[in-house]
Amino acid sequence: MTDHGTPSHRIVVCWKWVDLEGDARRAGVSAADEAALETALAMTASLDAPTAEVVVVTLGPPETDPVLRRALAAGAHRVVRIDASVDLPSDRVAAALAEAMNDELGGVDIVVCGDYSPDRGSGSVPAFLAAELGAAQALGLIQLTVDGRVDASGAPVVRALRRLDGGRREQLTVTTPAVLSVEGSVATLRRATLAAELAAKQATIDVVPGPRHAEQHADSIRPFRPRTRVVPAPEGQSALDRVRALTAAGATSAHGETVTLDPPDAAARIVSALHEWGYLES
Amino acid sequence: MSRRPEWPEISFQDRMDTTRFDVHERAHIVVDGDTCAGCTTRECVVACPANLFVPTSDGGIVFNYEQCFECGTCYLVCNREGAISWSYPDGGHGVVFRRT
Amino acid sequence: MTAEPVAVDVVVVGAGPAGSCAATALARRGHSVILLERGPFAGSKNMYGGVVYPRILDQLHPNWWEEVPIQRWITRRSTMVLTDSQAMTVDFRSQHWADPPYNGATAYRPDFDHWLAQKAEADGVQVVTSTTAVGLLRDEAGRIVGVRTDRPDGDLRASVVIACDGVNSFLAKEAGLFREHQTAADNYTVGVKETIALPRDVIEQRFGVRGREGVDIEILGGTGGVNGGGFVYTNLDTLGVGVVLKLPALAAQQQRPEEIIADLKAHPAIAPLVEGGEVVEYSAHLIPEAGRSMMPTLTTDGMLVAGDAASMCLAAGIWLEGVNFAMASGMYAGEATADALAAGDTSAPGLAGYERRLGDTFVLRDHDKLHRAPGLVLSDRVQHQYPQMIANVVERVFRVDNPQPKPGLRRIVREERKRAGIGIRDLARDAWTGLRSFG
Chain A
1 MTDHGTPSHR IVVCWKWVDL EGDARRAGVS AADEAALETA LAMTASLDAP TAEVVVVTLG
61 PPETDPVLRR ALAAGAHRVV RIDASVDLPS DRVAAALAEA MNDELGGVDI VVCGDYSPDR
121 GSGSVPAFLA AELGAAQALG LIQLTVDGRV DASGAPVVRA LRRLDGGRRE QLTVTTPAVL
181 SVEGSVATLR RATLAAELAA KQATIDVVPG PRHAEQHADS IRPFRPRTRV VPAPEGQSAL
241 DRVRALTAAG ATSAHGETVT LDPPDAAARI VSALHEWGYL ES
Chain B
1 MSRRPEWPEI SFQDRMDTTR FDVHERAHIV VDGDTCAGCT TRECVVACPA NLFVPTSDGG
61 IVFNYEQCFE CGTCYLVCNR EGAISWSYPD GGHGVVFRRT
Chain C
1 MTAEPVAVDV VVVGAGPAGS CAATALARRG HSVILLERGP FAGSKNMYGG VVYPRILDQL
61 HPNWWEEVPI QRWITRRSTM VLTDSQAMTV DFRSQHWADP PYNGATAYRP DFDHWLAQKA
121 EADGVQVVTS TTAVGLLRDE AGRIVGVRTD RPDGDLRASV VIACDGVNSF LAKEAGLFRE
181 HQTAADNYTV GVKETIALPR DVIEQRFGVR GREGVDIEIL GGTGGVNGGG FVYTNLDTLG
241 VGVVLKLPAL AAQQQRPEEI IADLKAHPAI APLVEGGEVV EYSAHLIPEA GRSMMPTLTT
301 DGMLVAGDAA SMCLAAGIWL EGVNFAMASG MYAGEATADA LAAGDTSAPG LAGYERRLGD
361 TFVLRDHDKL HRAPGLVLSD RVQHQYPQMI ANVVERVFRV DNPQPKPGLR RIVREERKRA
421 GIGIRDLARD AWTGLRSFG
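Residue numbers (the working numbering), protein chains in the order written: chain A, 1 to 282; chain B, 1 to 100; chain C, 1 to 439.
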């Protein structure tokens, strides 16, 4: 592994590599992921910190490397590939990404993701990742900038713009650490220069082992079905009586009373009533 | 001769949709509408394998560059100097063949 | 910020079969080579009409057949003459072609070309994809010293440029290597093809082959009123079905290419082969059809031209070859360039070893020998009159017209020749041209 020194700021970009067609030559990342890298590169430029770096992290097999070299050619300072299957569930992906960020990169301030992948998954990795990192999250952004201002801890202040219903916009100031995701229309990834393209062919791709935990997954998932409740045989001479006993048809309900209480007291009263009537146990 | 096949033929758009195109925002072929407006022979309309040249009711030609095979037929059959400006799409874009 | 331009010994433009072989030959001689490809991967812009003959690879990649990504080895070769309602086929099968070193193979060009480029990369060539060469760089004296690419800071300087940029070769045109008549529409055909998926066992039953054996059917006639030809060939679980159409003839009538294919597929001789298949890819490409007469000047100061860019495609009726000519011309261009670099002279005379090698081998010898063949094959008589005449003759020979006695063959030929409107002098002249070309 190469010595990268200690950067003043580090922006991590997470890419999702997808092989939709079963042809590695055609596999790649989404326009949103590309926009995430371009946004990160633009952010480091406006940080006015010469040692700021952009690191691209992805999960995938060695076939992922050409895409990572494209990231290097476009300007990423370093790329990390977590050697793992790409079809892990989102929470496992997020855990693996967080682990790599903590172990390999020594923690992060700003993570930028695309808000969709080529296979149009659930888009939930950024949210899981924020939870794993204990970071703030601002997702589905249409603008993402840093203006050089820093907070008390020296971390850059992130300004973001998000869509709201009815064509309205919401301007956010996000504190770091933060996980941010951008739409594909935010930016177009710059074309690499010829020299950068050639250099990227020789560059090192850091590979870290994937999740070490044992695999576990559900073989089948069925809808929720309540367990059968055993009801004692009804008493009664005639069939009609037994049906009435079973269904309580025709009987006046003993339940039901109107009380006027403060909410906390009302809640306590409701719970005790449910106990009395046998809907709740113990 | 034009026989009818015994099995359903696919529509032209379905046919084109079997081939992949990574379309670039820049049109790599530009058609000069003024020159085409005076053209009566319109070789491009019948010859383009991707059917990209469409005559309009006012005598012009509408051209779509998106699903272009980049073959070059159009500029070779065109007999009007300068009507079709032809170049390759930007690197990495355009048609992507896989099973041909 | 303007960076110092990237510089290498040689830049090869186009990672098709010509470019990859040129780059490999140079890298083996220790030169720094950049191989530019405008597609996202080598082969992504390329299609063809069916068969690759890879024996020339013996010289660059011995035992190539052990790893080349082909579809089927051709063991059955048919030449078919079609009229509206008749078909005559000369069908040849050889099991000698089912074992190494084989003869020809069907392949997907995006796979074959990609493999060949990967071989070049393994030999030390730097393959740069998604990069279009948009023009030539020249020094003050006008000598070619590299290419300009469409990347930022995209100038690429090299002692020699090898243009393998395909049939439209804008680099050869920019360098002024073509004379005007050589790039006239008359010299080109357009190949249009459907890749049609069918289950593997269905293909093997319909075409009478097993395992990796395959069939190539070349068709004369069957292209409506347009001069050209058709083809049907087998991949593993798809067929290639298409037509080759002479450009001016195509543009002068009203039937579109896909309609001509549809008619070919509906012909009683073809329909049972393709029926029920699903089109999974549609493609088209130009073919430099006119052979020797449309070849540009092959060498200029600092630049060579190879492959389709140099019109090295043999379209001579019973022989339809291109990939082998591309691989060979590319390889010889690479070798000649290595010699020139070693001698320190990359001017046109310094690079003359290229044309000498081509002249000593099949590349130009086949083209010289067959220089009249393309014109003959695409002539109106061969296209429209002879197929009808031949089919009628054969039909009458095999027709049992009892109680009429069998007519003499000579009489049938004479009558059918007249019926097809073919003068005896034209027939004699074409026969003589054919003999001189093919004999």
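What the hints contain is simulated information worked out from the structure, not anything from laboratory work. One or more hints might be untrue.
[Unchecked claim] List time: in silico EDC-like cross-link candidates among lysine to aspartate or glutamate, alpha-carbon distance up to 16 Å:
hint: 1; chain 1: A; residue 1: K201; chain 2: A; residue 2: D65
hint: 2; chain 1: A; residue 1: K201; chain 2: C; residue 2: D301
hint: 3; chain 1: C; residue 1: K173; chain 2: C; residue 2: E321
hint: 4; chain 1: A; residue 1: K201; chain 2: C; residue 2: E121
hint: 5; chain 1: A; residue 1: K201; chain 2: A; residue 2: E63
Comparing the hints with the structure gives:
Taken as a hint, the A:K201 and A:D65 pair is honoured in the structure, with Cα atoms around 10 Å apart against an allowance of 16 Å. For the hint linking A:K201 to C:D301, the alpha-carbon distance of about 31 Å lies beyond 16 Å, and the restraint is violated. Under the criterion of a C-alpha separation no larger than 16 Å, the hint pairing C:K173 with C:E321 is inconsistent with the structure, at around 23 Å. At roughly 11 Å between alpha-carbon atoms, A:K201 and C:E121 fall within 16 Å of each other, so this suggested pair holds.
For the given pair, A:K201 sits about 14 Å from A:E63 by alpha-carbon distance, which is consistent with the 16 Å threshold.
Of the numbered hints stated above, those contradicted by the structure are hints 2 and 3, listed in ascending order.
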